[in-house]
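Enquirer: One-letter residues, chain by chain:
There are 2 protein chains.
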Amino acid sequence: MQNHPISITDPDDPRVAPFRDIRERDLTGRQGLFIAEGEVVVRVLASSASLCRPQALLVADKRIGALADLIAAWPDGAAVYCASQPVLDRIAGFPLHRGILALGEKPEGGQRAAAISRVAADDVFVVAAGIGNHDNMGGLFRNAAAFGARAVLLDDRCCDPFYRKAIRVSVGAVLRTPMTTGEPLEAILDRLHAAGVEVLAFTPSARETLAGFRRQGPVAVLLGTEGPGLPTSVIARCRPVGIPMKGGFDSLNVAATSAVALHHLTSPALSG
Amino acid sequence: MQNHPISITDPDDPRVAPFRDIRERDLTGRQGLFIAEGEVVVRVLASSASLCRPQALLVADKRIGALADLIAAWPDGAAVYCASQPVLDRIAGFPLHRGILALGEKPEGGQRAAAISRVAADDVFVVAAGIGNHDNMGGLFRNAAAFGARAVLLDDRCCDPFYRKAIRVSVGAVLRTPMTTGEPLEAILDRLHAAGVEVLAFTPSARETLAGFRRQGPVAVLLGTEGPGLPTSVIARCRPVGIPMKGGFDSLNVAATSAVALHHLTSPALSG
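From first to last, the protein sequence lines stand for chains A and B.
Residue numbering for the first sequence is 1 to 272, as defined by this note's numbering.
Residue numbering for the second sequence is 1001 to 1272, as defined by this note's numbering.
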């Protein structure tokens, strides 16, 4: 409970340097930090559900009143800045209609062991291989959180889930969902298998359908990219499961697939 | 089987006027016509599955060889133009990396009676109320086509499904899925009920879950916008159904909801 916002009048003020030219910085990365944009996502970052530490907050002057509770609850030691809309736009490098940005720290590495430890019979994991589209990445996390997935495991070919748009599409789920990143897919499968998790590889080539699948214990939903799909060698290590399509389609969008799979696997009436 | 492409060298050539400044024209509309962009979508437009009539085709010179079959099969009387990449970019008004555009005619109006006639017991309809986001609209159509929905019924508050991006996100499904547009939601419900279709209103307020629902005959999936949701008066006329969420989420993205609902309702093992 603190935080009189510090007024910024010069877009080049070094205190707001992390918020400068957001789009260019999105492309080069931020060394363990990320930008959250918009009230919904920033509120997740500041909430007790967040796995990320809030650093600085930057809001438009005109929004200070409406965001008073958020500003008051912003952690001690983490700065709160405000600026007029023109200054804000010049800092961000584009018209920031949402009027609120925050800087956060990604969770520490070394979560891998924790993410797959003490696996319970009703746990469901999501494993993503080579997902390069930030919309899909955001959708995947949104669905994982909405259906209570235990963790999201991203292989080393996936894009960064902390990319601004992915966070926004996820409605903040990226900030509150346990995840591991940067590991080869084979290593992820090794650890899931060692923990007794059955890995369902979603592929149009499968004979078994999701609708007919009934789970026996912890499961993981393994999703690849739409075009090339999962490598044969990977599918061979897993239980292939398909979602039959009509009209010449062979696959759904990957985020849609995650929703269908998670609904089925987390509904006791369907897959108990 | 015809079609030596007509070479266009002047971006202001009146023959390619419908392709000019695509983005601005997207916003003002095209009086019954639409632009399809990219090979996948244009191939759907030209296919026998399409419900839309192809008019003109415009391709980059460098792609003529790879698209020879498409050009050869382009309907008699519908023009085929080609242009160098710089001319193409100037026509379109932005760098057209995909190198292929087509102009098509939306289906005739007056499909309403046909879309809800001779309803079969296993028919599934999708009804969308107030969907204003073109990504969601495209995703909705993609899922409707992939699960074999009988038709998509859009109320008069929905955005145009023939918007270029919606068509692209739908992977062409907008061009091949029977639909009705422009009707008030209440009138759509009247006609569905008269045809004996049970309308499932998806809402977080529902007590009944989708997972527990077993269909007795033809059904419709009614989806509203994420924020305000469906009006109480509408829900009261339908069978409210929910998809339970965890972690404080109260809804999925609308396209994801359509995928979950259609999978459940079209899988005999789940909802037979």
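In short, the hints are calculated from the structure, not lab data.
Computed from a prediction, not measured in an experiment: that's the story for all the values here.
You may find that some hints are simply not true.
[Said to hold, decoys possible] Computed cross-link-like contacts, DMTMM-like style, restricted to lysine to aspartate or glutamate with a CA-CA straight-line distance of at most 25 Å: (1) B:K1165 to A:E105; (2) A:K165 to A:D122; (3) A:K165 to B:D1026; (4) B:K1165 to A:D135; (5) A:K246 to B:D1135.
[As the list claims (entries may be wrong)] Computed spacing ranges between beta-carbons, pair by pair: (6) B:R1214 to A:G247: 36 to 44 Å; (7) A:Q216 to B:R1023: 16 to 24 Å; (8) B:S1233 to A:A66: 28 to 36 Å.
Ideal Cβ positions, reconstructed from N, Cα and C, are used throughout, including at glycine.
Enquirer: Which earlier hints turn out false for this structure, listed by number in ascending order?
Expert: Numbers 1, 2, 6, 7 - these are the hints that the structure violates, sorted from lowest upward.
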